[in-house]
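Participant: Note that the protein sequences, when read in sequence, are chains A and B.
All the letters of the first sequence, read from the start, carry residue numbers 1 to 327 under the numbering used here.
All the letters of the second sequence, read from the start, carry residue numbers 1 to 327 under the numbering used here.
Please keep in mind that the hints were generated in silico from the structure rather than gathered at the bench.
Some hints here could point you the wrong way.
Repeated chains share a single entry, so a pair holds when one copy, or any two copies, can fit it.
[Stated by the list, open to error] Mimicking DSBU-like on lysine-lysine, the simulated pairs with C-alpha atoms at most 30 angstroms apart in a straight line are:
| hint | residue 1 | residue 2 |
| --- | --- | --- |
| 1 | Lys179 | Lys22 |
| 2 | Lys28 | Lys179 |
| 3 | Lys157 | Lys22 |
| 4 | Lys22 | Lys145 |
| 5 | Lys145 | Lys228 |
| 6 | Lys22 | Lys228 |
| 7 | Lys28 | Lys157 |
| 8 | Lys145 | Lys157 |
| 9 | Lys145 | Lys28 |
| 10 | Lys28 | Lys228 |
| 11 | Lys172 | Lys145 |
| 12 | Lys291 | Lys157 |
Since this is a predicted model, take the numbers as computed values, not measurements.
Protein chains: 2
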Amino acid sequence: MTGKGEFDFIADRLAPLAAGFKGALGLKDDAALLSVRAGRELVVTADTLVEGRHFPQGTDPALVARKALRANLSDIAAMAARPIAYMTSIVWPTDASDALRNGFVDGLEMDQETFGVVLIGGDTTSADGPWTIAITAFGEVPASKALTRSGARPGDKLVVTGTIGDACLGLKVAQGAYKPDAGDRGYLLDRLNLPQPRLNLAEALQAHAHAAIDISDGLIADSHHLAKASGLALTLDLDAMPLSDAARRWLDNQDDSTASRLAMASFGDDYELACAVPEARVDTFVAELAKADVPAAVLGGFATGSRLTVLADGQQIDPGAGGFTHF
Amino acid sequence: MTGKGEFDFIADRLAPLAAGFKGALGLKDDAALLSVRAGRELVVTADTLVEGRHFPQGTDPALVARKALRANLSDIAAMAARPIAYMTSIVWPTDASDALRNGFVDGLEMDQETFGVVLIGGDTTSADGPWTIAITAFGEVPASKALTRSGARPGDKLVVTGTIGDACLGLKVAQGAYKPDAGDRGYLLDRLNLPQPRLNLAEALQAHAHAAIDISDGLIADSHHLAKASGLALTLDLDAMPLSDAARRWLDNQDDSTASRLAMASFGDDYELACAVPEARVDTFVAELAKADVPAAVLGGFATGSRLTVLADGQQIDPGAGGFTHF
Numbered sequence: 001m002t003g004k005g006e007f008d009f010i011a012d013r014l015a016p017l018a019a020g021f022k023g024a025l026g027l028k029d030d031a032a033l034l035s036v037r038a039g040r041e042l043v044v045t046a047d048t049l050v051e052g053r054h055f056p057q058g059t060d061p062a063l064v065a066r067k068a069l070r071a072n073l074s075d076i077a078a079m080a081a082r083p084i085a086y087m088t089s090i091v092w093p094t095d096a097s098d099a100l101r102n103g104f105v106d107g108l109e110m111d112q113e114t115f116g117v118v119l120i121g122g123d124t125t126s127a128d129g130p131w132t133i134a135i136t137a138f139g140e141v142p143a144s145k146a147l148t149r150s151g152a153r154p155g156d157k158l159v160v161t162g163t164i165g166d167a168c169l170g171l172k173v174a175q176g177a178y179k180p181d182a183g184d185r186g187y188l189l190d191r192l193n194l195p196q197p198r199l200n201l202a203e204a205l206q207a208h209a210h211a212a213i214d215i216s217d218g219l220i221a222d223s224h225h226l227a228k229a230s231g232l233a234l235t236l237d238l239d240a241m242p243l244s245d246a247a248r249r250w251l252d253n254q255d256d257s258t259a260s261r262l263a264m265a266s267f268g269d270d271y272e273l274a275c276a277v278p279e280a281r282v283d284t285f286v287a288e289l290a291k292a293d294v295p296a297a298v299l300g301g302f303a304t305g306s307r308l309t310v311l312a313d314g315q316q317i318d319p320g321a322g323g324f325t326h327f
Numbered sequence: 001m002t003g004k005g006e007f008d009f010i011a012d013r014l015a016p017l018a019a020g021f022k023g024a025l026g027l028k029d030d031a032a033l034l035s036v037r038a039g040r041e042l043v044v045t046a047d048t049l050v051e052g053r054h055f056p057q058g059t060d061p062a063l064v065a066r067k068a069l070r071a072n073l074s075d076i077a078a079m080a081a082r083p084i085a086y087m088t089s090i091v092w093p094t095d096a097s098d099a100l101r102n103g104f105v106d107g108l109e110m111d112q113e114t115f116g117v118v119l120i121g122g123d124t125t126s127a128d129g130p131w132t133i134a135i136t137a138f139g140e141v142p143a144s145k146a147l148t149r150s151g152a153r154p155g156d157k158l159v160v161t162g163t164i165g166d167a168c169l170g171l172k173v174a175q176g177a178y179k180p181d182a183g184d185r186g187y188l189l190d191r192l193n194l195p196q197p198r199l200n201l202a203e204a205l206q207a208h209a210h211a212a213i214d215i216s217d218g219l220i221a222d223s224h225h226l227a228k229a230s231g232l233a234l235t236l237d238l239d240a241m242p243l244s245d246a247a248r249r250w251l252d253n254q255d256d257s258t259a260s261r262l263a264m265a266s267f268g269d270d271y272e273l274a275c276a277v278p279e280a281r282v283d284t285f286v287a288e289l290a291k292a293d294v295p296a297a298v299l300g301g302f303a304t305g306s307r308l309t310v311l312a313d314g315q316q317i318d319p320g321a322g323g324f325t326h327f
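Hey, can you work out the whole structure from these sequences and the hints?
Facilitator: Laid out in structure tokens, this is it:
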């Protein structure tokens with residue numbers, strides 16, 4: 001799949017990202033080797049980003065790399081697993097500049113250290129089309145301890161980490177539709193561009209949660225995914241939605257509080273976790289998250305049935321399209 | 001990464017391909033779980049195909065699916081591993097027809113049974129660009145038994161499976177540049193479109209070979225990859241190149257035998273294996289391959305140094321661009 005220029009790029013720029021990981025074989029082979037310790041399972045996830053579809057043309061390529069990697073690591077976090085390694089399959093546009101290529105690798109390099117992952121393989125090619133980045137990430141979890149979407153049980157509470165809606169507002173800032181002060185501007189853009197996969201919660205999740213999902217499609221859509229996969233009804237109270245100070249300041253200036261909360265709950269890219277936790281464990285779970293410096297809030301609960309009930313400003317509302325706003 | 005239509009497509013068409021594999025979680029989660037048996041390592045490989053670049057627009061989508069999957073399985077075969085599962089990350093063109101989508105899934109379905117693999121996850125999206133298919137495949141190999149490119153030793157012979165050049169001629173047929181009788185036409189097109197990953201040779205490779213690579217870039221280029229990765233010189237005799245009856249008939253009608261042999265040895269997509277085998281083991285290795293109905297031929301050997309020597313019609317020739325003809 002690779003032409004001459006790609007070989008050089010792999011050897012000069014990508015191979016250093018594989019240094020020290022024996023099974024990566026220096027990126028000189030067509031495949032990589034992964035060992036999984038006894039009593040562990042491998043978690044595998046893939047996500048693809050396409051320029052013009054998932055990020056605007058002209059986005060800093062280092063940010064593209066970091067967000068692509070973090071989106072995958074977030075899926076590993078939701079399974080209560082520990083990340084190990086990743087592969088990249090890249091289709092460069094035929095006119096890709098060295099700055100684009102090098103910026104992308106710089107971004108991977110920055111985040112590898114932060115998250116303790118190593119590049120172990122992949123594929124690069126170029127084509128007459130948009131820049132496309134497919135990442136496959138690998139994690140490890142004690143056998144039978146992985147959380148899935150389908151484990152929620154009636155009576156479980158819906159617990160959400162961090163704050164919701166910042167990425168939604170970050171996009172408004174990026175598009176020039178919202179112009180807060182520099183502090184909020186920086187904060188909201190970072191929340192959009194550099195999500196923080198919740199990787200330090202694996203033990204608390206394994207110990208206390210029944211199910212989890214990362215919020216990439218939107219709070220409502222992803223919480224609903226949990227309920228549907230578990231065959232349960234869900235009540236979700238957007239008044240309990242945890243907000244950052246920056247989001248609170250935005251919300252305080254909106255005329256329609258309900259529509260504003262719904263917008264924040266319908267946009268993806270927060271990369272927080274939505275978890276189903278048995279009621280008796282909620283306090284312990286939230287306390288353990290607090291020890292890891294991760295705030296958490298209870299937004300509702302699961303019950304027998306199949307209905308999705310969304311509340312805002314004390315009223316039941318129609319969630320509408322839910323979480324598909326960017327498609 | 002998925003809109004409403006994609007959820008339906010995953011549930012209706014892709015999820016059945018994951019049936020029976022517990023860790024695929026019915027394709028309802030963002031990640032999959034893979035168990036690796038004690039004493040085994042996981043082999044992971046990724047390859048991407050882009051419409052208009054790696055296959056012509058209008059190619060039967062089932063053939064695209066099968067070739068994409070087989071290209072990945074061929075990488076697993078070259079490592080002497082056994083395939084287990086695969087993931088697909090697909091970017092559909094925004095105007096993708098149902099026939100394209102369904103044809104693609106039909107192709108995967110046909111080949112899953114043949115090769116004993118199961119779809120365990122991935123990602124689908126659509127974008128304003130060419131159809132792009134990234135496949136990641138997983139295999140299993142006894143720990144420390146995987147073959148890599150870098151294991152060849154001085155004195156090893158270069159052993160090649162099957163026949164070389166058929167895919168090159170298949171492309172000439174597809175493009176209308178070569179018009180043999182119907183029998184050869186069908187045979188050569190099949191060799192181009194439906195490569196046969198050499199998956200039934202894992203035990204013979206583990207027992208007898210020092211290194212292996214699959215021939216996807218071309219006989220010369222890939223054999224040279226083996227030599228370079230192993231830090232060795234290689235002599236490669238194109239007169240010993242194994243040819244199918246169809247390729248022999250084509251060659252007999254060419255004016256320039258050397259140029260014709262070079263063309264066949266410089267084109268990729270044969271998906272045969274080039275192996276480095278110690279001289280004392282060659283006869284046993286070839287005999288074991290014969291038992292598996294796989295012909296094999298000795299085309300040259302490795303020595304200390306770094307030189308690539310290519311012979312054709314008894315003369316040393318300049319291999320030129322080697323294996324990059326389709327880039």
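Participant: My question is about Lys172 and Lys145: at a cut-off of 30 angstroms on alpha-carbon distance, are they close within one copy, between copies, both, or neither?
Facilitator: Neither, since 39 angstroms and 54 angstroms both go past 30 angstroms.
Participant: Could you figure out if Lys22 and Lys228 sit no more than 30 angstroms apart (CA to CA) within one copy, between two copies, both or neither?
Facilitator: between (41 angstroms within a copy, 19 angstroms between copies)
Participant: For Lys157 and Lys22, with the copy left unspecified, which applies at a CA distance of at most 30 angstroms: within, between, both, or neither?
Facilitator: between (43 angstroms within a copy, 27 angstroms between copies)
Participant: Between the shortest in-copy and the shortest cross-copy C-alpha distance, which are at most 30 angstroms for Lys145 and Lys28: within, between, both, or neither?
Facilitator: For Lys145 and Lys28, the Cα distance is within 30 angstroms only across copies (18 angstroms; inside one copy 34 angstroms).
Participant: Have a look at Lys291 and Lys157 and pick one of within, between, both or neither, based on CA distance no larger than 30 angstroms.
Facilitator: within (20 angstroms within a copy, 61 angstroms between copies)
Participant: Between copies, within a copy, both or neither: which fits Lys145 and Lys157 at Cα up to 30 angstroms?
Facilitator: For Lys145 and Lys157, the Cα distance is within 30 angstroms only inside one copy (20 angstroms; across copies 48 angstroms).
Participant: Please sort Lys179 with Lys22 into within, between, both or neither, judging by C-alpha distance up to 30 angstroms.
Facilitator: Classified as neither; 48 angstroms inside a copy, 49 angstroms across copies.
Participant: Are the CA atoms of Lys22 and Lys145 at most 30 angstroms apart within a copy, between copies, both, or neither?
Facilitator: Answer is both: 27 angstroms inside a copy and 14 angstroms across each meet the 30 angstroms cutoff.
Participant: Quick one: Lys145 to Lys228, C-alpha cut-off 30 angstroms, is that within a copy, between copies, both, or neither?
Facilitator: within (21 angstroms within a copy, 44 angstroms between copies)
Participant: At most 30 angstroms between C-alpha atoms: does Lys28 with Lys157 qualify within a copy, between copies, both, or neither?
Facilitator: between (48 angstroms within a copy, 21 angstroms between copies)
Participant: Using 30 angstroms as the alpha-carbon threshold, which applies to Lys28 and Lys179: within, between, both, or neither?
Facilitator: neither (48 angstroms within a copy, 39 angstroms between copies)
Participant: Given a CA cutoff of 30 angstroms, do Lys28 and Lys228 count as a within-copy pair, a between-copy pair, both, or neither?
Facilitator: between (44 angstroms within a copy, 10 angstroms between copies)
Hints 1, 2 and 11, counting from the list given before, are not met by this structure.
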